[in-house]
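The listed protein sequences correspond, in order, to chains G and W. Residue 1 is where the first sequence starts when you use the numbering used here, and the numbers rise one by one after that. Residue 300 is where the second sequence starts when you use the numbering used here, and the numbers rise one by one after that.
Rather than coming from a laboratory, the hints here were simulated on the basis of the structure. Each residue gets a CB set at the ideal place from its N, CA and C atoms; glycine is no exception. It is possible that part of the hints are untrue.
FRET-style restraints, in silico, Cβ to Cβ [claimed, not checked]:
1) D142(G) / E340(W): 57 to 63 Å
2) D147(G) / E426(W): 33 to 39 Å
3) D530(W) / N112(G): 42 to 48 Å
4) K526(W) / D231(G): 38 to 44 Å
2 protein chains.
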Amino acid sequence: MKNQLKLGFVGLGIMGAPMAGHLVKAGHEVFVYTRSKLAPEIAQSTAVQCASATEVAQKADIIFVMVPDTPDVERVLFDANGIALGLSKGKVVVDMSSISPIATKEFAKKINTLGCDYLDAPVSGGEVGAKNATLSIMVGGDEKVFDRVKPVLDLMGKNINLVGANGDGQTAKVANQIIVALNIEAVAEALLFASKAGADPAKVRQALMGGFAGSKILEVHGERMVKRTFDPGFRIELHQKDLNLALNSARALGISLPNTGMAQELFNSCAAHGGRAWDHSAMVRALELMANFEIGQKA
Amino acid sequence: MKNQLKLGFVGLGIMGAPMAGHLVKAGHEVFVYTRSKLAPEIAQSTAVQCASATEVAQKADIIFVMVPDTPDVERVLFDANGIALGLSKGKVVVDMSSISPIATKEFAKKINTLGCDYLDAPVSGGEVGAKNATLSIMVGGDEKVFDRVKPVLDLMGKNINLVGANGDGQTAKVANQIIVALNIEAVAEALLFASKAGADPAKVRQALMGGFAGSKILEVHGERMVKRTFDPGFRIELHQKDLNLALNSARALGISLPNTGMAQELFNSCAAHGGRAWDHSAMVRALELMANFEIGQKA
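Just chain G, same shape as in the assembly (with noise of 0.2 Å):
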């Protein structure tokens, strides 16, 4: 096969089965390691299993890693039998998690000074853009090294920037977070307001869809709120890991955040009220159960 590349995964869950399922559906030779039991489309596909992330450092050239968290990806990169240990010059690691973008820059250096390059490259459009490979992909890192990647990258994603330097891609993903997080606090406010004087919140959402409040999540989320359908999508549990991120990188870089702070907290009283599996668009029931008044509810 022409331009069959020497390809590693390192986390195999719900996005990285899917994601390294196209690496070696495209035809190229995947390595891949995962803590947990393998996914069926991998176990029973070409990919060839390797017992640690070292040794899928080894083999592969561009080594792909794909788990839930800061902590997670470090002891990944830098453990025993992690992937450090198994690179050699001129290898290249992607790491496609979101994490902190402060730690990344940390994580980067010491890759590249075993003579390997790094590029951070968190993804959102979550499971459904992971096996559609549809995800959009806001990388970190040097331009060459992008231009390396980038077919790669071509396999899993549609929208793929690159951002800037190492840490810009996580940055870019934080802020898309925190945006995201505050637009559907800002429709649950305009639509819980709407029904409670009265008007019919769809119809409001209707006729302020083409004007300045028009947003992607006033016509997704917005129609969630207004239709009570709070299937995920996207689960609560998982934006409170992002909106804590935030909060966190916030405080380390000595800046204020106050909406993503009380967006963060009406994120906690849904899952004090069993909603951590939520979508995150049930962040309007918080303001629900502020007011003692529901969407739709008689006013």
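Place chain W on chain G using the hints.
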């Protein structure tokens, strides 16, 4: 002239003057009253200047009102020399001011007892929209009355929606202003975070545009924050008035709007720094002051 109507217009300020001008240009017989000096475009037109709002209501069949705030509408409608005193059965009052939805329902009832109809029809789109007849108009009232007045509204706006009964037009406008303020705040937090974390805020904004963080505000106001162009646009003091309406109405309705409250405090902080006439996208400056850091500054 075919279908020439007898129209009234009370309140010929920055918004009202160009709006009334469109009615005159369309060939209707327009009776006007305003407290301030007549704009040249009206003074030099065929519009008939009346001595009071009462006289406007006596001579016109459909009377439009465009004044700043709830007490102004109340005065223009119900004071001595007010519109109510000049009305006779079958006439219509159309209030295009942005005022309290709760007070609006009372005003409508009082006008109805005189055998007349009432529409609340607040607009969005500002001075530019008024001049170019491209205003969005959110209407509350009976469908038959809406159908009767719609051809005249078409002379002033483009995106014209009947949202529901009296008050619902004002409710939609408040909901609109809540979302616009909170989406500005969201973009401000995200871009400030990105910039302080060392990323290029322009590139982050670009990377986020097509995804779930996408909004009209990220597009228009996000660019103003990055380019530091804070000439209005829409003045902070006007948005303060709108959020005051939202927060007072929310309190009266018994619901809690935590992020709207915070957005108002940030506008207040801008005003404290001389920013009452800045564009509302300059809300980001209040966050920048809190962070002792400006977007675009070296992190």
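Each hint, compared with the structure:
no. : hint                          : result
1   : D142(G) / E340(W): 57 to 63 Å : holds, 59 Å
2   : D147(G) / E426(W): 33 to 39 Å : violated, 47 Å
3   : D530(W) / N112(G): 42 to 48 Å : holds, 44 Å
4   : K526(W) / D231(G): 38 to 44 Å : holds, 41 Å
The structure shown violates just one earlier hint, number 2.
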